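S.K.: Residue numbers (my numbering), protein chains in the order written: chain B, 2 to 514; chain P, 2 to 514.
It is worth saying that the hints were derived from the structure and are not from the lab.
All values reported here derive from a predicted model rather than from experimental measurement.
Warning: the hint list may mix true and false statements.
Unchecked claim - Now the stretches of chain P that chain B is said to cover, found in silico as 3 or more residues with beta-carbon under 8 Å: (1) 45-57; (2) 79-91; (3) 205-212.
As the list claims (entries may be wrong) - Taking lysine-lysine and the DSS-like style, the derived pairs with C-alpha atoms no more than 27 Å apart in a straight line are: (4) Lys99/P <-> Lys267/B; (5) Lys269/B <-> Lys269/P; (6) Lys318/P <-> Lys86/P; (7) Lys146/P <-> Lys267/B; (8) Lys318/B <-> Lys348/B; (9) Lys315/B <-> Lys370/B; (10) Lys348/B <-> Lys500/P; (11) Lys459/P <-> Lys500/P; (12) Lys459/P <-> Lys402/B; (13) Lys78/B <-> Lys99/B; (14) Lys99/B <-> Lys461/P; (15) Lys370/B <-> Lys318/B; (16) Lys500/P <-> Lys500/B; (17) Lys402/P <-> Lys267/B; (18) Lys348/B <-> Lys99/P; (19) Lys146/B <-> Lys99/B; (20) Lys461/P <-> Lys146/B; (21) Lys348/B <-> Lys393/B; (22) Lys78/B <-> Lys441/B; (23) Lys267/P <-> Lys348/P; (24) Lys402/P <-> Lys86/P; (25) Lys267/B <-> Lys372/B; (26) Lys370/P <-> Lys348/P; (27) Lys269/B <-> Lys393/P; (28) Lys348/P <-> Lys269/B; (29) Lys315/P <-> Lys267/P; (30) Lys461/B <-> Lys315/B; (31) Lys441/P <-> Lys267/B; (32) Lys393/P <-> Lys372/P; (33) Lys146/P <-> Lys461/B; (34) Lys372/P <-> Lys461/B; (35) Lys315/P <-> Lys348/B; (36) Lys267/P <-> Lys318/P; (37) Lys372/P <-> Lys267/P.
Ideal Cβ placement from N, Cα and C applies to all residues, glycine included.
Residue-level listing of the chains:
2 protein chains.
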Amino acid sequence: MGIFQRFARIPLKSTYIWSLCRQYSTDLTAVDRALIQHRNPGAAPPRLPFSRVTQEDLAFFRTLLPGRTITDPDLLKSSNVDWLKTVEGNSEVLLRPKTTEEVSQILRYCNERNLAVCPQGGNTGLVGGSVPVFDEIILSTSLMKQVITFDNISGILTCQAGCVLENLSNYLEERDFIMPLDLGAKGSCHIGGNVSTNAGGLRLLRYGSLRGTVLGLEVVLADGRILNCLATLRKDNTGYDLKQLFIGSEGTLGVITAVSILCPRKPKAVNVAFLGCSSFQQLLETFQCCRGMLGEILSAFEFLDASCMSLLEKHLKLTNPITESPFYIVIETAGSNATHDEEKLHKFLEEVMTSSLVTDGTVATEATKIKALWSLRERVTEALTHEGYTYKYDISLPVEKIYDLVQDMRGHLGDMAKNVVGYGHVGDGNLHLNITSPSKDPALLAAIEPYVYEWTSKWKGSISAEHGLGLKKRNYIYYSKPSEAVALMGSIKAMLDPKGILNPYKTLPDNIH
Amino acid sequence: MGIFQRFARIPLKSTYIWSLCRQYSTDLTAVDRALIQHRNPGAAPPRLPFSRVTQEDLAFFRTLLPGRTITDPDLLKSSNVDWLKTVEGNSEVLLRPKTTEEVSQILRYCNERNLAVCPQGGNTGLVGGSVPVFDEIILSTSLMKQVITFDNISGILTCQAGCVLENLSNYLEERDFIMPLDLGAKGSCHIGGNVSTNAGGLRLLRYGSLRGTVLGLEVVLADGRILNCLATLRKDNTGYDLKQLFIGSEGTLGVITAVSILCPRKPKAVNVAFLGCSSFQQLLETFQCCRGMLGEILSAFEFLDASCMSLLEKHLKLTNPITESPFYIVIETAGSNATHDEEKLHKFLEEVMTSSLVTDGTVATEATKIKALWSLRERVTEALTHEGYTYKYDISLPVEKIYDLVQDMRGHLGDMAKNVVGYGHVGDGNLHLNITSPSKDPALLAAIEPYVYEWTSKWKGSISAEHGLGLKKRNYIYYSKPSEAVALMGSIKAMLDPKGILNPYKTLPDNIH
């Protein structure tokens with residue numbers, strides 16, 4: 002308890018803490034744990050000593066962005082609260098720049114004035130990363146929605162950060178291409194936000210992560226400098242790949258203003274199968290069989306459990322198209338030859354049905370039916386919001402372990418939780434564990450955390466596979482990253498944003514800012 | 002000329018230079034050009050004031066690495082010179098650690114003693130990045146060749162940095178998997194070197210870059226700290242992705258000691274087609290047709306020109322299997338169903354033959370013949386070494402531009418060059434432009450550079466698509482990266498390696514160290 006007490010006495014924003022941690026390097030795990038546990042780690046920390054917005058500041062912004070400097074509280078309301086309605090800030094200014102130059106001028110001014118800034122895309126994040134914690138100025142990309150170029154030979158798209166993912170998808174489909182990522186929030190999320198959070202989603206299994214498909218970024222740094230790394234080349238090994246710093250750093254190192262991304266050809270044939278399994282073991286065996294038999298045409302392998310299906314039926318009035326089962330799988334194939342793809346899919350289905358790995362199933366090749374089947378997977382998040390309060394966990398684990406966590410959590414929580422459900426991306430070893438309760442419940446939260454993180458850490462998993470850390474998970478980083486790594490992240494933050502004005506209280510733990 | 006003269010008077014290793022550059026920020030292009038042009042930018046800079054290895058140092062290394070501290074000049078010779086025999090250092094010590102802990106102790110010692118270190122893998126680099134420039138201690142990964150784990154469900158391999166790529170390929174093939182990268186130097190190159198240089202190679206078109214497939218790294222920092230980011234998860238968004246800093250930074254930010262990498266299943270069917278085209282325009286049309294018709298089974302689309310073929314025939318006695326043509330294409334398909342793949346390939350071949358895009362061709366499905374066809378592409382580099390001295394350029398351009406550069410260069414150089422040949426990765430827009438001469442020829446070099454870089458820069462290409470910058474290309478970085486980006490790279494270097502002991506004189510230009 003000595004270390005614990007030592008930390009309790011020292012203000013959190015102190016480099017002294019970190020040097021203390023380093024001194025106790027033989028006992029870093031205990032230190033990290035103390036840092037994590039000594040108060041509610043998901044809660045907001047104390048406000049840091051940033052300046053407050055003055056009338057002079059507003060006058061500056063109104064001159065720079067006439068009609069696009071929003072201060073009406075009603076208009077600000079939806080930007081102050083996250084999509085899940087679990088985190089709420091009280092920013093009094095929302096800025097809506099249209100150009101990179103405007104973003105640059107805003108940040109240069111804010112940095113000089115020591116005003117904190119919360120960059121915001123479609124505000125669909127799930128970890129409280131996209132809303133202000135206190136009175137940070139909201140810098141919205143909503144008016145930065147121009148496609149800059151699209152090259153239909155290379156498939157390389159360059160666009161402003163505020164383009165809505167679904168709009169980009171529609172734009173590309175007309176040109177016989179698709180975006181390399183797809184996710185449930187596509188109707189609202191911005192590509193800049195997708196890149197800032199290194200969004201994974203439904204196509205990662207096939208097209209890989211944004212770290213491979215994003216070819217270039219334009220970023221405005223905290224002091225207003227514009228970093229133009231907006232290359233449109235598949236390969237470029239000239240020096241360090243700076244854009245990687247901004248992918249997945251949740252707006253804490255710079256504001257992404259434009260993106261170049263490599264887009265695959267639109268597949269000529271798409272099939273979706275919706276299958277039922279009687280155990281998770283059978284689901285895993287189906288996955289193995291699927292990878293072997295569908296190979297290069299497999300574009301998604303997703304799952305949801307029976308509890309998810311009940312919520313879809315109850316709250317969204319969706320219909321289960323097959324016999325009731327403990328587990329459901331969504332398999333998508335995407336290929337260049339419809340006949341070949343259907344033959345592969347049918348052989349696979351024959352194999353898994355005759356071997357009883359799968360108990361029932363249905364297949365769609367027509368767009369409307371494909372969409373209907375996909376919505377059973379995509380709308381689980383939405384169905385959960387009707388249940389009251391949802392505690393959300395986004396965990397990477399070795400694939401054979403992912404459902405053990407759900408079952409273990411059910412046993413651990415017993416009647417305390419209303420629902421404990423699991424769904425997610427089997428192909429990526431990524432579980433979305435969701436626990437609902439009629440309303441916020443500190444006792445339930447205390448039973449879940451740090452239990453869920455300890456469980457994940459024990460199996461060398463990640464406590465955030467794709468959602469990021471944001472506000473809610475920032476202090477849990479040590480469950481997935483060693484102290485040396487977190488300290489180095491702090492050095493990078495200090496180098497790029499010495500005053501810490503960019504999305505404060507997010508991503509990095511409270512002992513590092 | 003004012004700026005040019007100003008730089009000529011100031012010692013290159015000076016932060017003052019950079020602050021000067023920043024003052025002249027309205028004229029940065031001219032400044033960058035002056036920095037590049039004021040002397041032979043590929044030549045070695047003056048030795049930096051590192052310590053020299055003493056008898057005490059040797060005694061320390063011999064105690065730490067008994068029998069693995071090499072000082073015999075004969076044994077050191079091959080490690081002091083690059084594979085192309087164009088760059089030679091005069092290191093007097095080669096260290097061969099077996100463990101990460103040993104690497105850590107070496108670097109901690111060298112950092113304290115201010116001894117410079119050149120990390121070395123298989124020493125197959127083409128830009129002088131893997132050999133010492135002066136007397137840097139060579140830190141070889143050649144004894145770090147253990148596979149640590151392989152998970153045959155997820156396909157994730159974890160191994161030490163010194164594993165030879167071909168050995169890993171063989172190891173995986175026995176387990177029904179393959180490495181996601183393949184390159185001509187596979188028999189010698191180390192996976193740690195591949196990752197340090199962000200090697201591209203022959204499979205990038207299909208499996209993407211190492212930035213997506215490398216899941217984790219263990220790295221020893223300049224001061225000996227071990228950074229363990231050796232995750233084996235497909236998705237992990239907990240904080241900044243530090244491993245990206247070390248991918249492609251050519252050993253200047255840390256020494257990679259272990260790698261986790263996602264490996265694809267071994268395809269059940271592989272076909273290779275070797276085709277002839279009568280113009281580069283027809284080759285490009287063949288590529289477009291190929292992408293549409295082969296789609297997801299296309300795993301490589303490579304080319305070589307008639308001059309390359311002549312060199313293969315002349316120096317390596319290889320036989321051209323088809324009618325003589327101005328251009329040759331190697332197409333590889335890899336898929337899960339031999340019948341489907343062959344059907345797709347035959348339809349495609351029928352299409353390109355009947356439309357006269359392709360003039361002649363041959364197809365291989367059997368391993369020995371596949372290997373023979375591939376060697377026509379893979380052994381061009383080797384054939385060139387028999388021509389005398391080779392000036393090598395590794396350029397990314399919009400794909401429709403790549404051969405224009407070869408033709409333009411032929412016209413520009415006229416009789417000065419013995420050969421001007423082009424080959425490379427059409428699918429990635431990556432040209433290998435090679436210019437040969439009986440021996441080193443400063444006049445020829447002056448005609449090539451900066452002409453080739455200006456040409457590339459005009460088309461917003463990369464002056465190093467996959468080879469990196471190393472010693473030879475470091476000062477040309479400004480042709481592909483803006484000054485703000487290079488300055489930020491310098492800050493990252495200063496943060497991670499404040500004494501600059503790691504692979505000095507490489508990657509970053511002389512005004513930044």
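S.K.: Hint by hint, where does the structure go against what was stated? Just the numbers, ascending.
M.R.: 1, 2, 4, 7, 8, 10, 11, 12, 18, 21, 24, 27, 29, 30, 31, 34, 35 and 36
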